[in-house]
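Protein chains: 2
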Amino acid sequence: MQVIDTEWSKIEQEVAKEAFDRAYKREIKSLMALVQEKAGAIAQLDDMWSLHDFLSAKRHDIDGKYDYRYSFLIFVFARLVKEEWLDINELQGLTKEKLAKILALSRM
Amino acid sequence: MQVIDTEWSKIEQEVAKEAFDRAYKREIKSLMALVQEKAGAIAQLDDMWSLHDFLSAKRHDIDGKYDYRYSFLIFVFARLVKEEWLDINELQGLTKEKLAKILALSRM
Numbered sequence: 001m002q003v004i005d006t007e008w009s010k011i012e013q014e015v016a017k018e019a020f021d022r023a024y025k026r027e028i029k030s031l032m033a034l035v036q037e038k039a040g041a042i043a044q045l046d047d048m049w050s051l052h053d054f055l056s057a058k059r060h061d062i063d064g065k066y067d068y069r070y071s072f073l074i075f076v077f078a079r080l081v082k083e084e085w086l087d088i089n090e091l092q093g094l095t096k097e098k099l100a101k102i103l104a105l106s107r108m
Numbered sequence: 109m110q111v112i113d114t115e116w117s118k119i120e121q122e123v124a125k126e127a128f129d130r131a132y133k134r135e136i137k138s139l140m141a142l143v144q145e146k147a148g149a150i151a152q153l154d155d156m157w158s159l160h161d162f163l164s165a166k167r168h169d170i171d172g173k174y175d176y177r178y179s180f181l182i183f184v185f186a187r188l189v190k191e192e193w194l195d196i197n198e199l200q201g202l203t204k205e206k207l208a209k210i211l212a213l214s215r216m
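These protein sequence lines map, in sequence, to chains Z and C.
If you read the first sequence in the working numbering, its first letter stands for residue 1, the second for the next number, and so on.
If you read the second sequence in the working numbering, its first letter stands for residue 109, the second for the next number, and so on.
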């Protein structure tokens with residue numbers, strides 16, 4: 001499959017790593033704030049188990065999402081752009097072809 | 109097994125229900141406070157997953173612990189006394205035999 005075989009130059013690797021880390025930090029920071037907000041609003045047992053369910057889902061989600069293998073990066077970035085953890089402009093430095101693929105996938 | 113066959117009079121049932129509910133409310137209240145404290149102290153991702161692990165364990169623990177079947181109540185109360193969610197004096201009204209069993213089991 002073409003996307004999986006895409007090669008990454010040294011400069012692209014740097015751009016990718018920085019964008020990846022930035023998105024990750026953003027999402028984690030936002031998630032921690034949300035968890036603290038939910039915890040602060042716990043008034044009954046169901047709220048606590050609901051926080052537990054939320055954490056279970058997010059943990060699974062984050063563990064799967066941030067996969068820094070080059071063969072997956074196009075898809076990873078498309079998802080991060082779609083979910084607004086990353087702006088497409090933060091990926092400037094990648095080839096036009098990669099940017100177009102990321103943008104197209106992010107709109108699916 | 110003798111303990112399992114123990115019968116509960118109407119008065120004993122009332123004492124048991126009240127003590128059971130009281131211990132449950134105490135433990136849940138304490139747990140909610142602890143979860144809020146842990147959430148408030150989240151500074152990095154590991155703290156959040158550690159809170160998730162804690163909630164997983166507690167949910168499993170609480171689901172299993174509060175079993176209001178009369179055939180299990182002696183064991184349930186023994187555990188609650190052992191864990192200090194209940195004082196043996198709050199079970200006054202049960203037969204001396206039951207109290208002695210609960211106390212003995214709570215010290216194991």
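Some clues are possibly wrong.
To be verified - Pairs of lysine to aspartate or glutamate, EDC-like flavour, derived with a Cα cap of 20 Å:
hint, chain 1, residue 1, chain 2, residue 2
1, Z, Lys58, Z, Asp47
2, C, Lys133, C, Glu145
3, C, Lys137, Z, Glu37
4, C, Lys166, Z, Glu14
5, C, Lys146, Z, Asp67
6, Z, Lys38, C, Glu205
7, Z, Lys58, C, Asp154
8, C, Lys146, Z, Glu37
9, C, Lys125, C, Asp175
10, Z, Lys65, Z, Glu18
11, C, Lys166, Z, Asp53
12, Z, Lys25, C, Asp154
13, Z, Lys101, Z, Glu84
14, Z, Lys58, Z, Glu90
15, Z, Lys29, Z, Asp61
16, C, Lys125, C, Glu205
17, Z, Lys38, C, Asp155
18, C, Lys146, Z, Asp46
19, C, Lys137, Z, Asp61
20, Z, Lys29, C, Glu145
21, Z, Lys29, C, Asp154
22, Z, Lys58, C, Asp161
23, C, Lys166, Z, Asp46
24, Z, Lys29, C, Asp195
25, Z, Lys58, Z, Asp46
26, C, Lys173, Z, Asp46
27, C, Lys133, Z, Asp61
28, C, Lys204, C, Glu115
29, Z, Lys38, C, Glu115
30, Z, Lys38, C, Asp161
31, Z, Lys96, Z, Glu14
32, Z, Lys17, Z, Asp53
33, C, Lys133, C, Asp169
34, Z, Lys58, Z, Asp21
35, C, Lys133, Z, Asp47
36, C, Lys137, Z, Asp46
37, C, Lys118, C, Glu198
Calculated from the structure, these hints are not laboratory results.
Note that the structure is a prediction, hence the values are computed from the model and not measured.
Which constraints among the numbered hints does this structure fail? Numbers only, ascending.
Of the numbered hints given earlier, those the structure breaks are 4, 5, 6, 14, 19, 24, 27, 29, 32, listed in rising order.
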